[in-house]
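A.B. asks: Residue strings, one per chain:
Protein chains: 2
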Amino acid sequence: MNKQAIFNLSYGVYVITTWGDGKPTGCTANCAMQITAEPAIIAVSINHDNYTNECIKDKGVFAINILGENVKPLLIGTFGFKSGRDFNKFEGIEPLIKEMLPVLPDAMSYITCKVINSVETPTHTIFLGKVTDCDVLNDDKPMTYDYYHKVIKGKSPKNAPTYQG
Amino acid sequence: MNKQAIFNLSYGVYVITTWGDGKPTGCTANCAMQITAEPAIIAVSINHDNYTNECIKDKGVFAINILGENVKPLLIGTFGFKSGRDFNKFEGIEPLIKEMLPVLPDAMSYITCKVINSVETPTHTIFLGKVTDCDVLNDDKPMTYDYYHKVIKGKSPKNAPTYQG
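Respectively, the protein sequence lines represent chains Z and X. Using the working numbering, the letters of the first sequence map in sequence onto residues -16 to 148. Using the working numbering, the letters of the second sequence map in sequence onto residues -16 to 148.
Note that these hints are calculated values from the structure, not bench results. Just so you know, even glycine gets a beta-carbon here, dropped at the ideal spot from N, CA and C. Keep in mind that the hints are not guaranteed to be accurate.
To be verified - According to the in silico footprint, chain X covers these stretches of chain Z (three or more CB under 8 Å from chain X): (1) 16 to 30; (2) 67 to 81; (3) 96 to 104; (4) 108 to 117; (5) 127 to 134.
Take the sequences, apply the hints, and build the full model.
C.D. replies: Written out as structure tokens, the structure reads:
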């Protein structure tokens, strides 16, 4: 088995946001995909250990913030490599509020979702979200995971499904 | 709601293959994502109306064929816009056999999976597959869905989650 093959699946780079204990929180994710067109349903995969996972289970809603190629790399680092349990990831960021959810003003698009189903796997929860609102915020090009690795020289956080140990 | 936002999610271009009635069959898909790293589990989304959906349910196994940028566009058309119910999509193609599954020799990578769980949505089934084998077949660059649209000027089949009516 040559696991390099698995890394040839293509992804984008997203921040999944929701509400923590009265504060906005979120984490970087690259695994999001549309499941049905009408109604629009999107699946995201979030590690059990991520604070965002328990917050989505608690609140039943999340927003997908689609990052563009020109987003500040610091944003990916803040949301990908720190935990919302002990760090306010929104410090210095004034979130837009869309469908009562915190959205990153620097995202190139956002999609707000209401959880309609979820599936557990050994390490991750797949949340199925029905789209409640979405919009394009700027004309940046969506960042692909490949671009993130090759151009921004980014790494995968330990909790990512695509983590290479 | 500006649904253009949803089309800013990033995907690859894949052919999901399995066995039909004694013959290899498959369909084009763009929605596949890794869910967990260890064990490696991958989710794919297949429309209820696709023959491949019922074949995967019947056989419990599937292969993800990752297409590269230099794959023959005809291959995408054959697997995306015809039905395996009344058309032998493998006509003229000698499949590789990997873990007893038919694999396209022109794929740049393949991943064979055993279904361990599935989730129904109004139009699609999400199959969760545990990876049983995978390999890189050539050094082509994985085709992104964006590349397929912009460079190959491809369209979405009616059954795709990303179909724009």
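A.B. asks: Are the hints correct? Go through all of them and say.
C.D. replies: Here's how the hints hold up against the structure:
1. Coverage of the region 16 to 30 of chain Z by chain X holds [criterion: at least 3 residues with CB-CB distance below 8 Å; count 12].
2. A count of 0 residues in the region 67 to 81 of chain Z with a Cβ less than 8 Å from any Cβ of chain X is obtained; the coverage claim is therefore unmet, three being the minimum.
3. Look at the region 96 to 104 of chain Z against chain X: 3 of its residues bring a Cβ nearer than 8 Å to a Cβ of that chain, three or more, so the hint holds.
4. Check result for the region 108 to 117 of chain Z against chain X: holds, 5 residues qualifying (beta carbon to beta carbon below 8 Å, three or more required).
5. Residues of the region 127 to 134 of chain Z lying with their CB closer than 8 Å to a CB of chain X number 3, which satisfies the three-residue condition for coverage.
Hint 2 from the list above is the single one not met by this structure.
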